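Listed below, chain by chain, are the residues.
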Amino acid sequence: MKPHETIYPDISDILKAKAERRRDISRRSFGEKIAMMEALRERVAPFKRLREQRLAAKRAAQESSSDSDK
Amino acid sequence: MGMKQILDVINRMEADGIIGRYAIAGAVAAYNYVEPALTDDLDILIAFEASQAQPQSSLVTLGPLLTYLKSKGYSEFQREAVLIEGWAVQFIPVASDLDAEALAKAEPVDLEINPTEGSVKTRVLGPEYIVATALRVDRAKDRNRIIQFLDDEAVDIDILCDVLGRHGLADAWRAFCRRTGIANPCEVKSIP
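As you go down the protein sequences, you meet chains A and B in turn.
Here the first sequence stands for residues 196 to 265, where the numbers follow our numbering.
Here the second sequence stands for residues 2 to 193, where the numbers follow our numbering.
What the hints contain is simulated information worked out from the structure, not anything from laboratory work.
Since the structure is predicted, the reported quantities are computational estimates derived from the model, not experimental observations.
Each hint should be verified, as a subset may be incorrect.
25 Å max Cα-Cα, derived SDA-like pairs, lysine to any residue [to be verified]:
(1) LYS106/B / ASP159/B
(2) LYS122/B / GLU36/B
(3) LYS211/A / ASP41/B
(4) LYS142/B / ASP205/A
(5) LYS243/A / LYS142/B
(6) LYS73/B / GLN6/B
(7) LYS243/A / GLN6/B
(8) LYS243/A / GLU154/B
(9) LYS106/B / THR181/B
(10) LYS106/B / ALA48/B
(11) LYS106/B / ALA171/B
(12) LYS142/B / ALA212/A
(13) LYS106/B / LYS73/B
(14) LYS253/A / GLU154/B
(15) LYS142/B / SER76/B
(16) LYS211/A / LEU39/B
Some but not every residue of chain B turned toward chain A, in silico, with C-beta under 8 Å [as the list claims (entries may be wrong)]:
(17) GLY3
(18) LEU39
(19) ASP42
(20) PHE49
(21) TYR75
(22) GLN79
(23) ARG80
(24) ALA82
(25) ALA89
(26) GLN91
(27) ILE93
(28) PRO94
(29) VAL95
(30) GLU113
(31) ILE114
(32) ASP152
To be clear about the criterion: a stretch of chain A counts as covered by chain B if any three or more of its residues have a C-beta under 8 Å from a C-beta of chain B, and this derived list gives those stretches [what the hints assert, rightly or not]:
(33) 219-230
(34) 233-242
All C-beta atoms, glycine included, are put in the ideal place defined by N, C-alpha and C.
Generate coordinates for the entire structure from the input sequences, incorporating the hints supplied.
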């Protein structure tokens, strides 16, 4: 029996639109890009905090593991 | 406008059954693991019903979702992305087995916004799936992203190698390692 094959939607139009948005960004002035970056930094700050918490936990685990090896 | 307002809208869409399971993908998902790169859009990978006999365009697939958002007052578009609370949100239906697995295994996170706004629950694609997707798409910015994940040791190499092998990306991975001059961190074998 032929295995079931999932038919996925064609997202080429989405990828094309995303590429166009990226080109729009690249055409912006330096000042506009800096402003974008500042706004972005504020919006994604919660992700940065999550990342830092995870890294701190990883470092603590590594230190505790190296201490117990001594 | 902040991340909480946008995720509240998307979580409401999931609760209302407008979209199935979703996860944050793309550059914003990458922020969860590595330093940011400039973007102005939020990619949301969404499940879809695989009932149609023929592949449909994403415009058809996303139709009901866009109608719902319009009814909530979000009718402004920026090159196919919907503007929600000031962000260009791009809904991307699952379009491959790799996407489907990435979405199924997306990590739940409780995103602490600030003491006033509290937190919001969401899901973010796992780092190994972000790297595998970047390898599959293979633009210059995707290759940079892969190097960033490797440099920051933000991926579990065993999981990454397993994902690459199972999704037929082993050859692309070897080519990537050769081209960028990095030692191949895994010996992956393509599944015939």
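Could you work out which earlier hints the structure fails to respect and list their numbers in ascending sequence? 9, 13, 15, 21 and 32
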